Every structure is written in C-alpha cells, then in structure tokens.
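Colleague: So you can see what is in the structure, the chains are spelled out below.
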Amino acid sequence: MGATVITITSGKGGVGKTTATANLSAALAMKGKRVVAIDADIGLRNLDVVMGLENRIVYDLVNVVEGACRMRQALIKDKRIENLYMIPAAQSRDKSAIRPQDMIDVCDQLRPEFDFILIDSPAGIEQGFRNAIAPADRICIITTPEVSAVRDADRVVGLIEAEGKGPASLILNRLRPQMVHRGDMLDTADVLDVLAIELLGIVPEDEDIIVSTNRGIPVVMENKSRAGQAFCNIAARLLGEDVPLMDLEEKPSSSWLSKIAGLVRRG
Amino acid sequence: MGLFNRLFGSQRPTSREVAKSRLQLVLVHDRVDLSPQKMQTLKDELISTISKYVEIDVEGMQVNLTQNGRQCRLTADIPILSARPKR
Ligand SMILES: Nc1ncnc2c1ncn2[C@@H]1O[C@H](COP(=O)(O)OP(=O)(O)OP(=O)(O)O)[C@@H](O)[C@H]1O
Ligand SMILES: [Mg+2]
Chain A
1 MGATVITITS GKGGVGKTTA TANLSAALAM KGKRVVAIDA DIGLRNLDVV MGLENRIVYD
61 LVNVVEGACR MRQALIKDKR IENLYMIPAA QSRDKSAIRP QDMIDVCDQL RPEFDFILID
121 SPAGIEQGFR NAIAPADRIC IITTPEVSAV RDADRVVGLI EAEGKGPASL ILNRLRPQMV
181 HRGDMLDTAD VLDVLAIELL GIVPEDEDII VSTNRGIPVV MENKSRAGQA FCNIAARLLG
241 EDVPLMDLEE KPSSSWLSKI AGLVRRG
Chain B
1 MGLFNRLFGS QRPTSREVAK SRLQLVLVHD RVDLSPQKMQ TLKDELISTI SKYVEIDVEG
61 MQVNLTQNGR QCRLTADIPI LSARPKR
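Going line by line, the protein sequences match chains A and B.
First residue of the first sequence? That's 1 in the numbering used here, and the numbers climb one at a time after it.
First residue of the second sequence? That's 1 in the numbering used here, and the numbers climb one at a time after it.
Among the hints, erroneous ones may be present.
Said to hold, decoys possible - Cβ pair distances, simulated, as ranges:
id, chain 1, residue 1, chain 2, residue 2, range
1, A, D247, B, S15, 18 to 26 Å
2, A, P244, B, P79, 44 to 52 Å
3, B, S51, A, R99, 48 to 56 Å
4, A, E163, B, S35, 19 to 27 Å
5, B, K43, A, K165, 31 to 39 Å
6, B, L74, A, E163, 49 to 57 Å
7, A, P112, B, S35, 45 to 53 Å
Everything labelled a hint here was simulated from the structure, so no lab data went into it.
None of these values were measured; they are calculated from a predicted model.
For each residue, glycine too, the CB sits at the ideal point set by N, CA and C.
So here's chain B without its partners, still in its complex pose (with noise of 0.2 Å):
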C-alpha cells in the first residue's frame, strides 16, 4: 500500500501513519487525564473568562494540547479583536 501510494501520488495516508497520529493524540490526552470533551469546556469558559477583558476572535482561537518527549504542554493562540472599552 506504501509503495502503491508513493509511485502513483495517491493522498491517502498509509495504515503505518494513521496509527501513529492516532496514537499520539490519544496518548496526550491520556498522559494528562483530559479527554477532548473536558477540553471544550475548558476552552469555552477560557472564552468566557477571557472575553471579560478583551474581545476575542473565537473562530480563530487554538487550544492545544502538545507534547516534548514526555513533557506535555497545554498551548492557547487567542487572537484579540480590540480592548473592551472601559465602562
């Protein structure tokens, strides 16, 4: 299936690849105990706790879970539409 792919330009991943990009984001979240539902919530109230402050391009917004070895890290890239004006 590999070779078949790679001679004939064929996009689909081969079965080696998908078991690997599936285990790692299964491992991410099991190494810190936060399934991806547990993760909306916690990026839907950081929506709302942040949007406190300043408005938010939510549409835009990344959370994501990421790992370094064993080491993982949780990582929000929040683009800011404009500062809330003070009342």
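For reference, chain A alone in the conformation it holds in the complex (with noise of 0.2 Å):
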C-alpha cells in the first residue's frame, strides 16, 4: 500500500506549520519509520533551515516535477537520524510553477519507499494551500490558541470538508497554561468547541524550539524538552498509539486537567 500522506496547513502564517513538519517527521523517523519530509512553500523555503540540511541542497521540488533531475537527486538524506529524507521547495520559483497532480504524481513516486510523506504547506487558502492538500491521505491543522489563527484555521477546515477531504485534526501550538490559567488564553477546550474537529496534540509554547531551530537540530533529536515531548506523543498518535495528553500545568488546576482528560478519550 505505500505511504501515508500527511499535510501539516493552517490558514494563518507563522503558526508553527514548518516547525511541526520537521519534529513529527523526526520523530516518525525515531521511532523506526521511513520518512520524507517535503517543503511545499515555494518561494518561501523554510524546512532546510529548520531542519539543519541547508548546506547539502542541489535540486528541489520543483526540478524534480520539471524532469530536471530524477527524484532520487533531489531526496536529501538527514545523517543523524535513519530512514529520514527531505525534499527541498524551490526558493526562486513561485507557487503557480506546481499543480495539485504534480504534487498528487510526487507522492506517487515516493509512496513505495516510504511509510510517511509529510508535506509543508504554505499558509494561506490559495493555490500553494490547494497542491499541498491535493495528495493528503490525512490533515492536520496546526493554529495557535488566538483569535485570528483560530478563524483562519476553521475556514480550512470549512475547505477541507468541501474538498471531501476531511476530517482534519487539530494541533493546538504555542499554548501557554500560565495564561490560560488566569483567564488571559483561550484554552484546549474552547478551541475545540468552537471548531469542531479531533485533537491530534498540544505543544506548549517553549523557548527550546527557538534555540533548536537556530541549530537546525529539531527539538525531538535533541533533547526531553516540553516541547519535543509534545511532538513526540503527536507522532506515537499518528502510529495509532493511545497516549494521553501530557500534561502541561506547573501546578496542576483539577478542573483544567479534568477537561483535558474528557479530551483525551475523545481524541
């Protein structure tokens, strides 16, 4: 059967989408998986970075879909973890140099040799959002617990649905139980009320992604961060493993972890 196709979007930029695609395609890889990891956002390369293999690209995407090179030129093998491979955006081209088939023919190709495609979308609801959706087996829509990441992302749930491709989960990025603890930070619990769909996870905002991107070692290669363990649980979940939600409280509160319990058996 191939492959599962997994595209990581979330309607609103900065989010937190290239920082996801890279930790839970390390971790998938951690734990024994085939992966490759493909940056969708062309003109707006950001997965080489993030992922620390900026230095070895030659082709990228959009060579390979052009028949510039062959896909296995343009596969770019991580040294440091097994079986984990990325596949760079072009970053002097633009997002009307690929159609959805290309995308849908790429992942074709790789499905055989991998277990995991996941896929960087780029925000937005356009033409960048319509390829990187076209070949997904499954979505995950990462947004931030704010107003205007929230809305954005319940339009792409709203055109997931219609592309009969849904229903997508939820990654809940960047929340910060202090703040939600003293009524300043929408919680788990409204995001997914007012949304509607199945959490997939929740990474806590923390300063160890900031200072592992700017080594270019994703957090879940480097160290037990909150956050790596987060992406970490959301990777074990994409394997189909029960793992609860972790918990992110300082000092714990019953009644916030009594809900995110309730979420745990649903999600």
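Fit the two chains together into the complex; they arrive one by one in their own frames, and the hints show the way.
Modeller: Here it is, written out as structure tokens:
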C-alpha cells in the first residue's frame, strides 16, 4: 500500500507548520519509520533550515516536477537519523510552478519507498495550499490559541471538508498554561468547542523550539524539552498509539486537568 | 485577571471568555457567508413577507444563527400579535 501522506496546514502564517513538519518527521523516523518531508512552500523555502539540511541542497521539488532531475537526486538524506529524508522547495520560483496533480504524481512515486510523507504547506488558502493538500491521506491543521489563527483554521477546516479530504485533525501550538490559568488565553477545550474537530495534540510555548531552530536540530532529536515530548506524543498518535495528553501545567488545577482528561478519551 | 475577578466578584469577563464568544460569533457568520449586515436585510425581508399574512411583534422578534458542532442553523422566533383580518 505504501506511505501515508500527511499535510500540515494552517490558514494563518507563522503558527508552526514548518516546526511541526520537521519535528514530526524526525520523531516518526526515530520510531523506525521511513519518512520524507516535502517543503511545499515554493518561493519561501524554510523546512531546510529548520531541519538543518540547508547546506546539502542541489535539486528541489520544482526540478523534480519539471524533470530536470531524478527524484533520487532531490532527496536529501538526514545523516543524524536513519530513514529520514527531505525534499526542499524551490526558492526562486513561485507557487504557480506546481499544480495539484504534480504533487499527487510526486507522492505516488515516493509512496512505495516510504511509510510517511509529510508535506509542509504554505500559509493561505490559494494555490500553494491546494497543491499541498491534493495528495493528502490525512490533514493536520495547526493553530495557536488566538482569535485570528483559530478563525483562519476554521476556514481551512471548511475548505478541506468541501474537498472531501476531511475530517482534519488539530494541533494546538504555543499554548501557555499560565495564561490559560489566569483567564488570558483560549484553552484547548475552547478551541475544540469552536472548531469541532478532533484533537491530535497540544504543543506548549517553549523557548527550546527557538534554540533548536537556531542550531538546525529539531527539538525532538536533541533533548527532552516539553515541546519535544509533545511532538513525540503526536508522532505516536499518528502511528495509532493511545498516548494521553501531557500535563502542561506547572501547578495542576483539577478543573483544567479533568477537562483535558475528557478530551484524551475523545481524541 | 481571572483569579482576581473571581476573588473580588468583578463582573468583567476574562479576555479568554471574550475571545471565545467573539470567535463563536464571527465563525458562525464566516461559515454561512452571512455578514451581520446581510442578516439585517434578511430580517427586514422576513418582516415584510410575514406581515402580509399576520401581524407580528417586530420588537420581540429574534433571528439568530446558531451552531451545533459544525452544523449551522438559522432560527427565527417571531411572536404573532393577531391574524390579519381578511379583506
Ligand atoms: N511551540 C513553540 N514555542 C515557541 N516558539 C515556537 C513554537 N512553535 C513555533 N515557534 C516559532 O514560531 C515561528 C513560526 O514557526 P514556523 O516557521 O514553524 O511557522 P509556519 O507556520 O511554518 O510559518 P509560515 O506560515 O511562514 O510558513 C518560528 O520562529 C518558530 O520558532
Ligand atoms: Mg513554514
């Protein structure tokens, strides 16, 4: 049957798609899966630097699509983890260089060789987004707990349903339990309530993400930070494991915890 | 802020509560592509249509978009004052 294609998208920009793609890809590979991460953000290539593979790029996704190179030549092998590969986006082209059918063809070519193909979608709901979701078997929507990000996520949920590609599942990123606790941030239950989609995981706001991105080492590879643990848990859930949501609170509040406990059983 | 409010019984909702209710309102309009202005037009047209048949209490009329999960619903609650006498 071959690989499962998972697209990470968001609507709003800058909410953590690339970070999630890099970390989930690495976490799945660390669990022994054969993984390729594809940067579909043509013109704004970033997955390479987040994964720390920027110095090894020769060919890119557009080269593959246009037949300027073989697939094998565009696949960059991550030397730190067995079975982890990346295909970079073209930097000097734009979204119109690729059509949805091209993404389907590229993935069909990769499917026999891999267990997972993760696609880092560009922000927005235009062609780049359409390209990124075209080959998807499942779609993860990532949002932060803010009004504008959740609103844009809702738009994407609707578009994915209209395309018959649903149901999408949700990753809530940059949650700050302290702020939720004092009533100044939407909490997980609020976001799930308004979006009405399945929760795949929660990633806390964590400085280690910035530090590891500085170094080009996905946080799941390096240390046992909270964000790294959260991404490992999400990877496990993608493999069908039943992993409870992390306790994100410094000082657990029983009401917050019991709500989350309820969600675990749902998600 | 949340804790302070709870301790001292302030009525001011937390920013989290405000965010959630604003989101719920904006999303229900986004999902059905009906702006509050279009809703007002719809309401006005409902009034004029229904008034051809019965006399209604325009003040007590409620027209709302509600949602259950991702299913949106348009509900109209229109108190009738009396049947229009037949001509
Ligand atoms: N959990 C987190 N804690 C702290 N910082 C984070 C977290 N997740 C993401 N960030 C930071 O947020 C910024 C945006 O992340 P990222 O580039 O992954 O978003 P994106 O959705 O891919 O953006 P774009 O829409 O531009 O492609 C980065 O600087 C990243 O380091
Ligand atoms: Mg990105």
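Colleague: If a hint holds in the structure, say so; if it doesn't, say that too.
Modeller: Hints and how they fare:
1. A:D247 - B:S15: 18 to 26 Å: Because 24 Å falls inside the window, the suggested range holds.
2. A:P244 - B:P79: 44 to 52 Å: Holds: the Cβ-Cβ distance is about 50 Å, inside 44 to 52 Å.
3. B:S51 - A:R99: 48 to 56 Å: holds, 53 Å
4. A:E163 - B:S35: 19 to 27 Å: holds, 25 Å
5. B:K43 - A:K165: 31 to 39 Å: At roughly 35 Å between Cβ atoms, K165 of chain A and K43 of chain B fall inside 31 to 39 Å, so the hint holds.
6. B:L74 - A:E163: 49 to 57 Å: With Cβ atoms ~25 Å apart, the hint is violated.
7. A:P112 - B:S35: 45 to 53 Å: Distance hint for P112 of chain A, S35 of chain B holds at roughly 49 Å.
Of the numbered hints listed earlier, the single one contradicted by the structure is hint 6.
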